[in-house]
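Novice: Chain by chain, the residues:
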Amino acid sequence: MAARTLFDKVWSEHEVVPETADTPAVLYIDLHLIHEVTSPQAFSLLRSRGLPVRRPDRTLATMDHSTPTRTEQVFGNIPIAVDAAAKQVRQLETNAADFGVELFAMRDARRGIVHVISPELGTTLPGMTIVCGDSHTSTHGAFGALAFGIGSTEVGHVFATQCLLQRKPKTLAVNVEGALRPGVTAKDLILHIIGKIGVSGGTGHVIEYRGSTIRALSMDERMTICNMSIEAGARAGMIAPDEVTLAYLRDKPRAPTGSAWDAAAARWRTLASDPGARFDASVDIDATTLEPMITYGTNPGMVVPVAATIPARPATGAGQTVFDKALSYMGFACGESLIGKRVDVVFIGSCTNGRLADLEAAASILKGRKIAKGVKLLIVPGSQQVKRDAESRGLAQIFKDAGADWRESGCSMCLGMNGDTVTSGQYCISTSNRNFEGRQGVGARTLLVSPLTAAASAVQGSIADPREYL
Amino acid sequence: MEPLAQVRSRSVVIASSNIDTDQIIPARFLTTTTKEGLGRQLFADWRYAADGSPNPDFVLNLPAAADCRILVAGRNFGCGSSREHAPWALLDYGIRAVISTEIADIFKSNALKNGLLPITVDDATGQWLLANPGAEILVDLHSSSITLPDGTQSRFPIDAFARHCLLNGIDELGYLQSKLPDIERYEAARTW
Chain R
99 MAARTLFDKV
109 WSEHEVVPET
119 ADTPAVLYID
129 LHLIHEVTSP
139 QAFSLLRSRG
149 LPVRRPDRTL
159 ATMDHSTPTR
169 TEQVFGNIPI
179 AVDAAAKQVR
189 QLETNAADFG
199 VELFAMRDAR
209 RGIVHVISPE
219 LGTTLPGMTI
229 VCGDSHTSTH
239 GAFGALAFGI
249 GSTEVGHVFA
259 TQCLLQRKPK
269 TLAVNVEGAL
279 RPGVTAKDLI
289 LHIIGKIGVS
299 GGTGHVIEYR
309 GSTIRALSMD
319 ERMTICNMSI
329 EAGARAGMIA
339 PDEVTLAYLR
349 DKPRAPTGSA
359 WDAAAARWRT
369 LASDPGARFD
379 ASVDIDATTL
389 EPMITYGTNP
399 GMVVPVAATI
409 PARPATGAGQ
419 TVFDKALSYM
429 GFACGESLIG
439 KRVDVVFIGS
449 CTNGRLADLE
459 AAASILKGRK
469 IAKGVKLLIV
479 PGSQQVKRDA
489 ESRGLAQIFK
499 DAGADWRESG
509 CSMCLGMNGD
519 TVTSGQYCIS
529 TSNRNFEGRQ
539 GVGARTLLVS
549 PLTAAASAVQ
559 GSIADPREYL
Chain F
488 MEPLAQVRSR
498 SVVIASSNID
508 TDQIIPARFL
518 TTTTKEGLGR
528 QLFADWRYAA
538 DGSPNPDFVL
548 NLPAAADCRI
558 LVAGRNFGCG
568 SSREHAPWAL
578 LDYGIRAVIS
588 TEIADIFKSN
598 ALKNGLLPIT
608 VDDATGQWLL
618 ANPGAEILVD
628 LHSSSITLPD
638 GTQSRFPIDA
648 FARHCLLNGI
658 DELGYLQSKL
668 PDIERYEAAR
678 TW
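Taken in order, these protein sequences are the chains called R and F. Taken in order, the first sequence gives residues 99 to 568; the numbers are from the working numbering. Taken in order, the second sequence gives residues 488 to 679; the numbers are from the working numbering.
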């Protein structure tokens, strides 16, 4: 058999009916994750047609986007501030009960951001197909799963049939070689990659991240990389499962055990792309020269090293208008240094950087330090499990001592639809994934960074180079 | 879904590239549990001032935009979030086709499932369209082509199955359900 890529192997194992010129493939979905925002209309579709959720055993629900993060709102008697959000949360409870879907409800100890809880439970496994009505589903590709975001109509398709109609995407190899320098993280690497290939550089493709740099990353770091594949326009991002993957999964609550583990592990070890496997496109990255990165504009591809200046206006073309609009929105000018610029809010959290390793990184800088006067630092764990781990390891105390606001888990300020927002005109140094206009609140100005750069900036009270705080 | 064969309309142009779905419909409006009524919030942060009054400079607020069914946008339209609320909002507003030189994958898939035509054109056609707002355009799905006011025709790529479903008003779920025997066989045969 011809040499095959990781993607080819996972795809072909899930083809119920192969694609033809006239019809897309029927692709089987192993795990369907759902949340409160993109599922209501899909449940309505089932109701209108009298259909059940065909495989509730392959469906898992949580609430994360519109849920509050203040402890008194999650566990106390203070209601969700936004009526529509409260209704959405209640709707998911009703839908899950009516259709027999397991739900981690508001006060469940296993609740959290959908892309954080599934890996930590061990429901995300190598070789699976995983979908969710959420573009950051690409996160699960860190395990060698084919995982991608879908719309609500497709959520309904998966409910009804456990399958999707899909055209086979192309493949893009991103080869990363060499060791990352101190202060340079997985977040900086993926921001660099997006800057290099562009925000539509991955459109129509599934990315496989490969090379010595990727193999040296922890699972938390690999999830950060795959998470932002969508910010390069890619359908999904994948990393071949290896011993790091297996070690992570070994003791997870729902991972296979005993002989089932042995059989699964043996199969997972065969998933890596074969030597000589052909990709439709490839990009090479030298990791040894990378620096901490920061976005300066209004999409994740507008990114530079934190110590650099804001680049010059593009010489020609449609890019000029976008560039001018972005800089005007951000209140920046060409040639300005980013270091030392004003910071109002620092947000550490999200499905990109809300896992334990991210909080440990932030704590390494915040330990024994105080955040600058006038800066608000919000630290939101990706899940209740991450919260408990951070508390038992003393990280939460470090954060509180530094002056941070330590919250319950959720998407929080990443997208500002739950009460956690940035005020118009304010600058937010954020470990999330999107610096789009208004993403964190109307008029909010977002700069995407790693947890190290976020923590250093909170301490300094202005945009900081994390290498000065290591 | 209603069968869809042609859209003939003047164009409304938003020339920015990389228009993300957070601009098309900001996240704070996603607390809805239905698909209806999102047109009012389409491009909300560009369309309205902080006090809710219409921003007089934004193209959708200009008289010329009234009744336009075709939106022409810069490259990489619909990037970002998977929210199907984006095509729902465009459709509820009255847009039936979006034309760009590149359209993001998930947006394209969502649009096709709702009868909103995502049309990608070559750079020259894209540039002409961006430079000529209000041009009368014919989008024809039978021939997979758009016709410009001077009669110039250019073909656009569209998945054959999606085109078949749109032309005949077929909903893809019905087709998927017809594959249930295959799906059951697949599940029974899988050993892992």
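Read the hints as simulated data drawn from the structure, not as lab findings. Since the structure is predicted, the reported quantities are computational estimates derived from the model, not experimental observations. A virtual CB, placed ideally from N, CA and C, is assigned to each residue, including glycine. You may find that some hints are simply not true.
Here are the computed lysine-lysine pairs in the DSSO-like style, where the Cα-Cα straight-line distance is at most 30 Å [what the hints assert, rightly or not]: (1) K498(R) with K474(R); (2) K266(R) with K522(F); (3) K498(R) with K268(R); (4) K185(R) with K522(F); (5) K468(R) with K268(R); (6) K666(F) with K266(R); (7) K439(R) with K474(R); (8) K294(R) with K107(R); (9) K666(F) with K268(R); (10) K107(R) with K522(F).
Using C-beta positions, here's what the derived DEER-type ranges look like [what the hints assert, rightly or not]: (11) E191(R) with Q614(F): 22 to 32 Å; (12) A195(R) with W679(F): 52 to 62 Å; (13) D538(F) with G417(R): 27 to 37 Å; (14) A379(R) with A492(F): 49 to 59 Å; (15) A406(R) with D554(F): 45 to 55 Å; (16) D372(R) with W679(F): 15 to 25 Å; (17) G417(R) with G661(F): 38 to 48 Å; (18) K465(R) with G539(F): 30 to 40 Å; (19) P636(F) with R376(R): 39 to 49 Å; (20) A536(F) with D372(R): 32 to 42 Å.
Some residues of chain R that are not near chain F, with every Cβ distance over 10 Å (derived) [to be verified]: (21) A182; (22) R352; (23) I408; (24) G466; (25) E566.
Novice: Each of the hints needs a verdict: does it hold here or not?
Specialist: Hint by hint, here is what the structure shows:
1. As the CA atoms of K498(R) and K474(R) are separated by approximately 12 Å, the hinted pair is consistent with the 30 Å bound.
2. For the hint linking K266(R) to K522(F), the alpha-carbon distance of about 29 Å falls within 30 Å, and the restraint holds.
3. Restraint check: the Cα-Cα separation between K498(R) and K268(R) comes to about 47 Å, which exceeds 30 Å; the hinted pair is violated.
4. Annotation: proposed proximity of K185(R) to K522(F) holds, straight-line Cα distance about 15 Å (limit 30 Å).
5. Of the pairs offered as hints, the one joining K468(R) and K268(R) is violated, with about 48 Å between alpha carbons and a cut-off of 30 Å exceeded.
6. Taking the CA atoms of K666(F) and K266(R), the gap is near 18 Å; set against the 30 Å cutoff, the hint holds.
7. As the CA atoms of K439(R) and K474(R) are separated by approximately 15 Å, the hinted pair is consistent with the 30 Å bound.
8. Restraint check for K294(R) and K107(R): satisfied, since their Cα atoms lie roughly 28 Å apart, inside the 30 Å limit.
9. Simply put, K666(F) and K268(R) have alpha-carbon atoms about 25 Å apart, close enough for the 30 Å limit, and the pair holds.
10. Between K107(R) and K522(F) the CA atoms are separated by roughly 37 Å; this puts the pair beyond 30 Å, and the hint is violated.
11. For the hinted restraint 22 to 32 Å between E191(R) and Q614(F), the CB-CB distance of approximately 51 Å leaves it violated.
12. Distance hint for A195(R) and W679(F): a CB-CB separation of about 31 Å, inconsistent with the stated range 52 to 62 Å.
13. The beta-carbon spacing between D538(F) and G417(R), approximately 33 Å, falls within the hinted interval of 27 to 37 Å.
14. Distance hint check for A379(R) and A492(F): the Cβ-Cβ separation is about 36 Å, which falls outside the suggested range of 49 to 59 Å.
15. Look at A406(R) against D554(F): about 47 Å separates their beta carbons, and that is inside 45 to 55 Å.
16. At roughly 19 Å, the beta-carbon separation of D372(R) and W679(F) lies within the given 15 to 25 Å, and the hint holds.
17. The hint said 38 to 48 Å for the Cβ distance between G417(R) and G661(F), and at roughly 44 Å that hint holds.
18. About 46 Å separates the C-beta atoms of K465(R) and G539(F), a value inconsistent with the hinted range of 30 to 40 Å.
19. Between P636(F) and R376(R) the Cβ separation comes to about 45 Å, which falls inside the hinted range of 39 to 49 Å.
20. For A536(F) and D372(R), the hinted distance range of 32 to 42 Å is not satisfied, since their beta carbons lie about 57 Å from each other.
21. For A182(R), the condition that its CB be more than 10 Å from all CB atoms of chain F is violated, with the nearest at approximately 4 Å.
22. Taking the minimum C-beta to C-beta distance to chain F, about 16 Å, the non-interface status of R352(R) holds against the 10 Å cut.
23. For I408(R), the condition that its CB be more than 10 Å from all CB atoms of chain F holds, with the nearest at approximately 18 Å.
24. With 10 Å as the threshold on Cβ separation, the claim that G466(R) sits away from chain F holds: the shortest Cβ distance comes to roughly 36 Å.
25. With a cut of 10 Å on Cβ distances, E566(R) stays outside the contact zone with chain F, its closest approach being about 33 Å.
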